[in-house]
Amino acid sequence: MLNEWLYIGLFILVAAALPGVAIFLAGILAPKKPNLLKDETYECGIETVGESWIQFRAQYYIYALVFLIFDVEAVFLYPWAVAFNALTLYAVLEGVLFILILVGGLIYAWRKGALEWI
Amino acid sequence: MIPTSWYLFVAAALFCLGLYGVLARKNAIAILMGVELMLNAVNINLIVFWRYWGAKEVAGPAFVIIVLAAAAAEVAVGLALIISAYRRRHTIAADEIDALKG
Amino acid sequence: MNFLQVVFILTSAVTLGAAVMVVTSHRMIRAALWLVLALFGVAILFALLQAGFFAVVQVVVYIGAIAILVIFAVMLTRHAMQDEGAQVNRGWWAAVLVALGTFAGLAFLLLNWAGIGSSLGELSADEARKLIPQMGQALVSADAYVLPFEVASVLLLAALIGAIYIAREKNPQV
Amino acid sequence: MTVEWFRDPVNFITNWLNQFLLGWGLPAGVVAFLMNLIGAGLVATGAMLFCILLIWYERKLYGRIQDRLGPNRVGPWGIFQPFADMLKIFAKEYITPRGADVIPYNLAPILAVAAVLLIWAVIPFYNGAAGANLNTGALYIIAVGGLGELAIILAGIASNNKYALLGGFRAIALLLSYEVPMVLALLVPVLLARSMGMNDIVQAQGDVWYIVMAPIAAFIFFLTSVAEVGRAPFDIIEAESEIVAGFNIEYSGLKFGMFYVGEFLHAFTVSVLFAILFLGGWRGPFVDQVPVLGAVWLLVKTGVTYFLIILLRGSMPRYRTDQTMSLAWKILTPLALAVLVLTAILDKALVGSSDLVRGLALVGMNLVVWFIASRLSQASYRRSHPVEPPIGHAPVINPLVDEIGGVLE
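Residue numbers (the working numbering), protein chains in the order written: chain H, 1 to 118; chain Y, 1 to 102; chain L, 1 to 174; chain F, 1 to 409.
Be careful, since some hints might not be right.
Looking from chain L toward chain H, a few residues come up when the C-beta cut is under 8 Å (computed) [stated by the list, open to error]:
| no. | residue |
| --- | --- |
| 1 | Q50 |
| 2 | V61 |
| 3 | G64 |
| 4 | A144 |
| 5 | V146 |
| 6 | L147 |
| 7 | L157 |
| 8 | A159 |
| 9 | R168 |
Calculated directly from the structure, the hints in this document are not laboratory data.
No residue lacks a Cβ here, since even glycine has one placed at the ideal position from N, Cα and C.
Bound conformation, chain H alone (with noise of 0.2 Å):
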């Protein structure tokens, strides 16, 4: 068991030292001329005007909520399938219910028409 995170572990430490490694290679390699006007902010050639960071419409949180929601229910629900042999039908069931009673969840957000993109 130990064995196979050691291996994830390392897993981890190679693919991230393979894409460091090529780029800190070809910053070694490529030529480095910054200038003022290279270093600007791109905005397809119009000047930056005030600062960067924007406000934002809450409905970017209001879908990163749903999302959180409902990962956390799909991480109940994967002991239950992978348990699903020892399981009896009421157990099942069980679980069927958990499910619905999210998509009581889902119904509301979309009555509220909290899922529409504006």
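Given chain H's structure and the hints, the job is docking chains Y, L and F onto it.
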């Protein structure tokens, strides 16, 4: 072979850091982050004691999942409240949001 | 000092360091990014504890969803604090005292605990694999945790409805 | 001995190397560490190098779809084109915009590639040759996908550019929306196999592939995978003509190249995942006798899936953002939930019956759900797009024409 106490001390330190964040920070989002750290410390403890008792009883892990749901609900509603408060009063300093009526 | 212990010490050092940055960082967006690192460190601790399921769940839920939600919220309310000036209350020293006192109390309890000298060996593969099916069964069986399971779903539903109701803009102006 | 070598080369070489290193007198722990490091290094580098070939293949095919020749100058059939491109991009200057947050800014392209590469850690190439046969494989894939989203957020925040930030947030909103049906669709094969391990899921597809038993889940997984990659028709998140390329606008040189490579590799990786989860992975004729043949079958199935993804990219127009979002939330998510619930109930209700009955019931259920879903979506389309005949013209019947707003004269 890692001593049980190491995990518990790390969890205790994480909990206290979170506690400091909750008590000291002004920004309401920072307070929520502190709460997240505290919940994580609790989760570590639950898993450590699951291992300590021989990984047979499933109570600890089951509780971790329930804590996860609670954390998700707390973050969702907490941040929604913060955003709403920001929209109405243009501040998210926890000590300035003191009126009960919007 | 074996390999696992070295990994543990490195991981917990990074985790605690990141946690310190979370509670002290002046820029909120930095604090959120440090939070991601701290959460990842906790995921590695779960993997070391051979609770692989929770290591993965930690990344899925905390990093993949909660941290992103926090970052969104930080960006949405960015103008409020301007990331300057005092980020802590006037009574911050009291908070330090309370946190240190809590840690001292917890340490005192731990040092007097009977199992303080124990250490966690390695589970066999079979034992570690049993966790997920066992938990799946326990969560839906009537003599275990079916009530918390269903209550959790109601809690999530309530959070979803409440948060959408609160966060929705009443008069959307484009 | 030679036969053994031929049948299962990976385990043969692993055992040999293990013995060799132990023979040197190294402690067992160090040997295990080295073996894992070598394995991880080989798989990761192999995937990266394979990606170069892939870029050539895709450009060639994409050219043919558009009635062009594609790359044909460098080497035979232009096969060395990606190498030339690589050399070029290595020599390009990095331009870091003023005010960029340097550490997250440089971390983002690394994370973008690493998040894709990490999926390769759990892929079973053939029976007995998987890096890590994690018992949480399916969730692991979701987790790694979350890291990819983090890379996009980092790029958006750190670039100090309005377009990057806006593009990053739009990308995240879209990716999160498509992750919901993806997670739910992934639950269906997990439920049918009773395991989250990737190799276990392949093992469980002995009699019949899951694309037969769970076609709707396969369909949803395929579409959401394409969306997660950010490919056409869901490429609004980095559409050059809409938001000047989105989150990666301020990246240049190899840092941009990493996002580009990450996208190609991701497209191939999701093809592998689809082949494993729904097309039986390494299963095929003679795999019991010669396990290594499984790698060939996996490659063939992956190739077919990848071909489909390229065809989709070549032939579909881009969806608008609101259409993309509606597809995720209002069609795919309810569909995934319905299929999940019905699969669970049917599977448990038919627990005593034979596999044939169970399979047929699942197929029938999928067909019924598909029929109902298509009827419902057609009805709702007609409700939201009432056909109003222009004065003096015959009513427009073709819905496609209606969609683009044109009128057949």
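Evaluation of the provided hints:
A hinted interface residue such as L:Q50 counts as satisfied when its beta carbon comes closer than 8 Å to some beta carbon of chain H; here the least separation is about 6 Å, so the hint holds. With a least beta-carbon distance of about 6 Å to chain H, the hint placing L:V61 at the interface is held under the 8 Å criterion. The interface hint given for L:G64 holds, since its Cβ lies 7 Å from the closest Cβ of chain H, which is under the 8 Å cut-off. Annotation: interface hint on L:A144 violated; nearest CB of chain H at approximately 10 Å, more than 8 Å.
Residue-level restraint check for L:V146 holds (minimum Cβ-Cβ distance to chain H is 6 Å; threshold 8 Å). Violation of the interface hint for L:L147 is found here, the shortest Cβ-Cβ separation to chain H being roughly 10 Å, above the 8 Å cut-off. Using the Cβ-Cβ criterion of 8 Å, the hint placing L:L157 at the interface with chain H is satisfied: the shortest such distance is roughly 5 Å. Interface restraint check: L:A159 against chain H, minimum CB-CB distance 7 Å, threshold 8 Å, status holds.
For L:R168, the suggested interface contact is upheld, since its CB lies about 6 Å from the closest CB of chain H, less than 8 Å.
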